[in-house]
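Enquirer: Spelled out from the first residue to the last, the chains are:
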Amino acid sequence: MKAVAWAVTWLTKLSLYAAALIGAVMSTIVFVAVALRYVFHSPLPFTDEIVGLFFSAVVFLAIPYLFAGDRNIKVAMVVERLSPRWRSGVQFFSNLGIIVFFLLLGWLSFDFAAFSFAISARTDVAQLPVGPWMALLPLSSFLTALVVLVKTAFAPFGVEVGERQERLEETLSE
Amino acid sequence: MVWLALAIGVLLTGLSGIPVGVGLGLTGLFILHFLAGDAMSLAITTVWNVFNDFLLSAIPMFIIMGEILLASGISGRLYGAASPLFRRVPGGLLHTNIFVCTLFGAVSGASTSTAAAVGSVAYPELRKRGYDRAFVVGTLAAGGTLGLLIPPSLALLIYGATQGVSIGKLFLAGILPGLILSAAFMGVILVNAFRHPEYTPSDPNKRAIGEIMLGLVRIWPIAFLIFAVLGTIYLGIATPTEAASLGVITSIVIGFVWGDLTPRKLFGALKDSIVVFGMLGVVLIGALILAQGISILGVPSQVMTAIGHLEISRYLIFALVVALYIVLGCFFDGISLMLMTLPVVFPVLTALGFDPVWLGVMITLLIEIGMLTPPVGLNLYVLVAVTRGEVSLTEAARATLPFWLVMTAAIGIFTLVPQLVLVLPSLM
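Line order of the protein sequences matches chains H and G.
Numbering-wise (this note's numbering), the first sequence opens with residue 1 and increments by one.
Numbering-wise (this note's numbering), the second sequence opens with residue 1001 and increments by one.
Next comes chain H alone, as it looks inside the complex (with noise of 0.2 Å):
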C-alpha cells in the first residue's frame, strides 16, 4: 500500500517539473520572439500556436499533484465545522465527486484526442500535430481520479499519498 501511494505521489511530482519546466520554456519562447522581432527585425511566426499548447499543458500537468495535496480552492467554512466524523463522511462524498468529474473528463477529452489523432489534426503556422498535447487532458484527468481514488481508499489505513507523503519523505530523507 504504501509502495502505491509512494508511486502515486511521484508521479504527480513528475507531472508538476514537467508543468514548471514547460512553464519556464514558455517565458523563454515568448521572450525570445519579442527580442527577435525588435533586435534581429525577424519575429516568431508561430510563437502564438505553441505558447497557446504549453499554456493548456501548464494547467493540464499541474492538476494531479494539487489533488494529491489537497491544496485546491474551496469552501471549507462549513466542513471545518462538523465533527471528525461527519467530516470525513462528506470528505468521502466530496472526494467521490472528484473522482466523477475526472472520469467523465477524462472520458470526454479521450475521444476528442483520438479524433485528433485519427484525423492527425495539425496547427495552422507551424504544423505542429495538436494529438498528443490534447491527450494531456485524458492522461492528467484519469491520473487524478487516480490519484483522489487512492487518497480515498488508503486514508483510513493511515495511508497518506501527495505532499504530506512528500514532506514525510523530505523529513526522513533529511
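Treat the hints with care, as some may be off.
Said to hold, decoys possible - Below, a list of computed lysine-lysine pairs in the BS3-like style, where the Cα atoms sit at most 30 Å apart:
| hint | chain 1 | residue 1 | chain 2 | residue 2 |
| --- | --- | --- | --- | --- |
| 1 | H | K2 | H | K13 |
| 2 | H | K13 | G | K1265 |
| 3 | G | K1271 | H | K13 |
| 4 | G | K1271 | H | K2 |
Said to hold, decoys possible - One side only, chain H facing chain G, incomplete, derived with CB under 10 Å:
| hint | residue |
| --- | --- |
| 5 | R37 |
| 6 | I73 |
| 7 | N95 |
Unchecked claim - Examples of chain H residues toward chain G, derived with CB under 7 Å:
| hint | residue |
| --- | --- |
| 8 | V51 |
| 9 | S56 |
| 10 | S94 |
| 11 | I98 |
Derived by calculation from the structure, the hints in this document are not laboratory data.
The beta carbon of each residue, even a glycine, is placed where N, CA and C say it ideally should be.
Please arrange chain G on chain H, whose structure you already have, making use of the hints.
Expert: Here is chain G on its own, set in the frame of chain H:
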C-alpha cells in the same frame, strides 16, 4: 429548472468543501447533459479552445513574476527605501505600508502575494517600534488589495481574456482608482493617528531630504521592472503576454543582481507559481464548463427579458449585483466568484449600458472587498499567519473595517463618476 440546478450546484459546492472548480464543472456537465440535450462534449471543446488562447498565457507568467519577486526579498529593499518618506507624517510607517503596497502592486498581479510580501517585512518592524498590532495588520490587508487593482492585475487579466475586453484598456483603467484608493487609505491612517495617537508612536529621528531621495533612487530596478511590464504595454511595444514574459526575465535578472535570489529559490518560486496557477486553472476549467451550459440555454437573455419586464433602473440592478458579490465574497474566493458569476453578470450589465472596462474595475474592486471580508477574507488569513497568531482574525477584521468602508464607498463614487475609471483608457 436551470436555476434550480445552478442553486443546488453552488450550494453543494459551498457546503461540501468540494474544490470550487470541480463543483462548478459538475454543475455545468449536469446542465449540458440533462438540460441541453446531451451536449457534454461541448465542455471539452470550450476548455480546449479557451486554453489555447495566447492572451491567457500571460496569467502563469505574471504569477511566476510575482513569486520570483517574493522569493528575491525585494519587498524588504523597497520598504527600507520608502520608510523615511513618511516618518514625520502622523501615522508614520503605516503610510509606508500603503505606499510600498502601491509600488509592489505595480509589479505584482495578486492581492495575497502583495500582502504577504510587504507584511512579512513590515509587521516585525512596526511591532518592534510599538505600533498597534491589529491596526498594522489592517493597513497591510487593505494595502494588499491594491495589488489586485493596480496593473498588472490577475483579476483584470482573467476578466479581459475571458470576456474579450482590451487588457491594455483594463490595465490603464485600474491605475487611477488604485491611486485614489491608496490616497484614501492614507487618509484613514491620518484620521486614525489623530484619534488614537497611542496607535502610532512618533519617530524623533529626522532624515535629510537628500538622504530620503537617495534611498528612493536606489530602488531604480523596480522602476525599470514597472516599465518592462506596464510601459511596454502602454507604449504598444508588447502585448500583455509579451510584457509578462519581459517581467519574468527582468525579475530573474533583478532578483539575482539586486535581490537575494538563488537558483534553489528560483526553482521553488517556479514550482510554487505553477501550483498557484494550477489552482486557478481548475476553477477556470469548471467555470468554463458551467458558462457553456448557461449560455447554451440562453440564461443571460432570459435574465435580460425578466429585467425588461420589471422596468427598474439599471443602477438598482447594479446595486443588486454589488450586494450579491459582497455576500458571496464572504464565502467564495474572489477569482472563483468572478469566474462563476461573469457568464450572467457580464452580458446583462453590458446590455444595460455599463461600460465593459468600467465593469471590470468594479468587479475587481468587489473582489478586493471580499479579500477583507471574514470568514473567507484571504488577506486577513495571510496576515494573521504573518503575525504568527499575535493578532486574531476577529481583531484583524475589526481593524480592517474602516478600509472596508472606504472601498465600499469607492464603488459608489466610481459609479456616480465613471470618468474616474474611464479617463485614462479613453486616451488610448
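Enquirer: Hint by hint, note whether the structure agrees.
Expert: Do the hints match the structure? See the list:
{"no.": "1", "hint": "H:K2 x H:K13", "result": "holds (16 Å)"}
{"no.": "2", "hint": "H:K13 x G:K1265", "result": "holds (18 Å)"}
{"no.": "3", "hint": "G:K1271 x H:K13", "result": "holds (10 Å)"}
{"no.": "4", "hint": "G:K1271 x H:K2", "result": "holds (25 Å)"}
{"no.": "5", "hint": "R37", "result": "holds (9 Å)"}
{"no.": "6", "hint": "I73", "result": "holds (5 Å)"}
{"no.": "7", "hint": "N95", "result": "holds (9 Å)"}
{"no.": "8", "hint": "V51", "result": "holds (5 Å)"}
{"no.": "9", "hint": "S56", "result": "holds (4 Å)"}
{"no.": "10", "hint": "S94", "result": "holds (4 Å)"}
{"no.": "11", "hint": "I98", "result": "holds (5 Å)"}
Every hint, counting from the list given before, is met by this structure.
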